[in-house]
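> Chain by chain, the residues:
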Amino acid sequence: MLEARQRVAPLVPDIDPGDLLLILQSLLRPIGTGRRFFLRRRASGGYVF
Amino acid sequence: MSSDESFLQDVVAALHRVGLEAIVVGTVAGVLNGAPVMTQDLDLLVRDTPKNREKIGKLSAALRIAPPVQVSELSKAITLLGGALPIDILFDALPGGLTFEALRSRSSRVQIGDSAATVAALADVIASKQAAGRPKDLAQLPILRQTERVRAALKGGKSV
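For the record, the sequence lines run as chains B and G.
In terms of the numbering used here, the first sequence opens at residue 1 and continues consecutively.
In terms of the numbering used here, the second sequence opens at residue 50 and continues consecutively.
The reader is advised that the hints may include incorrect statements.
As the list claims (entries may be wrong) - Estimated spans, in silico, between C-beta atoms of each pair:
1) PRO17(B) <-> PRO116(G): 46 to 52 Å
2) ARG66(G) <-> GLY18(B): 38 to 44 Å
3) GLU70(G) <-> LEU2(B): 38 to 44 Å
4) ALA126(G) <-> PRO17(B): 38 to 44 Å
Just so you know, the hints here were simulated from the structure itself, not pulled from any lab data.
These figures come from a predicted structure and were not determined experimentally.
Glycine is no exception: its CB is placed at the ideal position from the N, C-alpha and C atoms.
Looking at chain B on its own, in the form it has when it is part of the complex:
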């Protein structure tokens, strides 16, 4: 992850470093490894994973 960030950051200098880390974590984590991406609406009106 850190190696990827070091390599990619200079190519996308306008992307916020925190956003870049978030994107890299998502890109480098394949499906089937426990990813969560659905929000479920509760009766109270809130949302949960």
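Chain G: place on chain B using the hints.
The following block gives chain G in isolation, referenced to the frame of chain B:
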């Protein structure tokens, strides 16, 4: 495997069982292309044929959920409710003139458990959301575009 991934795996396996050719589109396609986004439903694009309409009925039975219902009189789209999450089924094309055939030609296959899903390209997800123009679609565009650029950079090319 998370419950979200299990849900997706069940749907993809059921699509294969009933022989329905579908392309995963929308935000879930963004997720499967690596974007850090979230959604409340699963969008599938299929060709609108009598046979496919029949297969959609079989799909809901295979998933043990309610039969398809039309979302709005203004749209052909239908929804399958009663499962862990709603499944929206769209027909023939997405906003932006993105036809089933064009999307499929640029799609990729993503392995989910024992089955592979046909997933729309990230560029097409972006184009469809831009064309749809709804606030919830437009809100996702920056992170989707950034993901596309980072992915290109990761592959060794220049950022797009």
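> Falls inside 46 to 52 Å, the C-beta gap from PRO17(B) to PRO116(G)?
For PRO116(G) against PRO17(B), whose Cβ atoms are near 49 Å apart, the range 46 to 52 Å holds.
> Given the range 38 to 44 Å, decide if the beta-carbon distance of GLU70(G) to LEU2(B) lies inside it.
holds (41 Å)
> In this structure, is the beta-carbon distance linking ALA126(G) and PRO17(B) contained in 38 to 44 Å?
holds (39 Å)
> Confirm or reject the claim that ARG66(G) and GLY18(B) have a C-beta distance inside 38 to 44 Å.
holds (42 Å)
Going through the hint list in order, the structure satisfies each hint without exception.
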